[in-house]
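Chemist: Since chain A is already given, all that's left is putting chains B and C on it; use the hints.
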Amino acid sequence: MSVPIGWFLAVSAALFATGTVGVLVRRNALVMFMSVELQLNGVNLALVAFSRLHGDLTGQVLTFFSLVVAAAEVVVGLAIIVAVFRRARTANVDELSELRW
Amino acid sequence: MRVELAPIAPELLLVGAGIAVLLGGVLARRADPLAHLAVSLAGVAGAAAASVMLWSREGATALAGAVAVDRFGVVARLVLLGVAALALLLAHHTLARDGELRPEVPALILFATAGMTLLAVSADLVTTFVALEVLSLSLYVLTGSSRRLVSLEGAMKYFLLGAFSTAFFLYGVAMAYGATGTTSLGGIAHALAGRTETPALALVAMALLAVGFGFKVSAAPFHMWTPDAYQGAPTAVTAFMSAGTKVAAFAALLRVLDVALQPLGWDWGPVVAGLAAVSVVVGSVLAIAQTDVKRMLAYSSVAHAGFVLIGATAPGAPGIDAALFYLLAYALMIVGAFGVVSLVSQGERGTSLEDHAGLYRRSPVLAGLFALFLLSLAGIPPTAGFIAKVSVFRAAVEAGHWWLALVGVLASVVAAFAYIRLMVLMYMREPVGHREPDPSPVPRLVLAIPAAGTLLLGVLPGLVTDVLGKAAVLRW
Amino acid sequence: METYYQSYGVVLAVLIAGVALVAVAFGAAALLAPRRPLPAKLATYECGMDPVGEGWSQTQIRYYIFGFLFVIFDVESVFLFPWARVFEGLGMTAVVEMAIFIGILALGLVYAWRKGVLRWV
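Chains as they are written, first to last, in this note's numbering: chain A, 52 to 152; chain B, 5 to 480; chain C, 1068 to 1188.
What the hints contain is simulated information worked out from the structure, not anything from laboratory work.
Some, not all, of what chain B presents toward chain A, calculated at C-beta under 10 angstroms: (1) V134; (2) A159; (3) F168.
Chain C residues, not near chain A, derived (Cβ > 12 angstroms throughout): (4) A1095; (5) P1101; (6) L1105; (7) A1107; (8) L1157; (9) R1181; (10) G1183.
Cβ atoms here follow ideal geometry from the backbone N, Cα and C, with glycine treated the same way.
Just chain A, with the same shape it has in the complex (with noise of 0.2 angstroms):
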């Protein structure tokens, strides 16, 4: 049995969109971090589907830069929010407002 590569996308572009909206709606940086993790494994599904359509291991290939990648991400992005946390008390986006116009 064999799942068409139309419901992969699909599930793909659903992770990658429900991440988009997240960062787009929650104001809380841990969570919109969160947010952008579930679009970068909503890319990685959508790489590997490809990888086996095409039947070549590029996109797995990619899977794992994007894997890789992402974990230098997070230790640098939690690393910056525990900053701003311990210096702001806060990690509300809106409440940081140092940086306005």
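Modeler: Coordinates of chains B and C only, in the frame set by chain A:
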């Protein structure tokens, strides 16, 4: 199997120097900032030499098609390395003055530079993605490196929106791979050229890549992070990232547009033109409304992204040529402008427009340098900015986008108001308060380099046209 | 020309479907769900013990730094598996390349060690 490393020797040298500085900082008994600076500059110089050696090897890809070996790459790398050298010198001086200099700063500047130069030569979307991330992750940390709250806040906003844009970019890469079965720029072009109809996936890929690149080059409407990151970052870092990110991301964007998506020229033309028009208008108008010099320059950088995009709407060599000249001129003047701000201000204080009132009385040299860079940003002769604007407008008109050139000219007039108001403040007003600009002569000498470049390119643009003309060929 | 616009039509349809999906989901929830705000609903756990303090309570900072180190090294190992599968075919080059890769990671660990991250005080 033999791996040829010469095509990425510049990146290897930069990363090597970065690691040396990083480890030297923690292993040496007493950290010596001057030694770190020397190692960093040696790395940059070595990378520049390694790039120049690639000039004669026109026309190949290396490392299994991951990087391009071409003259466009050599020129882009040299511009980026020049920016990095100036930024290292400025950061060494101003961060030491503000007590914020750590060995991590030059190391991160080197890592970011390696990401930038790799981005400029990437011939495969996987390389583009990795390079983009190397540069972005280093810059997020650099933005927050001063540990002041504004700096951290700028870093957090930069990071969140940067990660958001990365997701779009990667989704675009996935779609391009889905549409064509390959991620190499040449391969994508080849797969798209053979079709009579455009696959919908390729159009989605184009749109998503445009969003991803739009964020990185800070083109409106994807510019929201720019003012916050530019204002929050230590000013020397701002100088580095405003010039470096733009040059590197545009180099990669030109490769994607003029190589991979070249068969879709009719589709991306209007998209790029639209982004360009919105960017010049939004950047120029909002620049006027700013009360902080760093924010004003940030909005002006949005407008300048628009001007480069105007040049990029012309397909092929004329567009690449114009965009490359614009990037060179922009790198010189924006590093110079932020460099002056880094000497007038201290930490996060002293960056408002008011703080620049009467600058001429307190430091005629700095006021003169700043005036030159502002004139160039406004595009007034005899500066590099003028020639650059003329060349992108000419490229756009020759490609039939005369309306875009018209929008560009009108926006330049609007933006000129912001720059000239600042010059009036510097020259015609009495100083407010007792803040003195940084008196040391060395950074002034450093800033004389971009100043000389700005003037020289404005008076004798012929000096570089030959080189740029040879570099304006993109095949992968 | 028609096929040219057709592919744009597909993109447009996908866009509309995507926007509609999210709009319907959020809209239906907003319309149908009864709204009776209670303080208890904002609690972290709906039943059981009342949580003490807020979500941002202090945890030992060293857990988080170790977590970072773990994430980095854990994920880098993703490259080791495909390498282990094929390195026989690639010979010395692959071995040297992986040695360089791990060497750079080890340098990162040296940096972390000298920064005092590894000390469990």
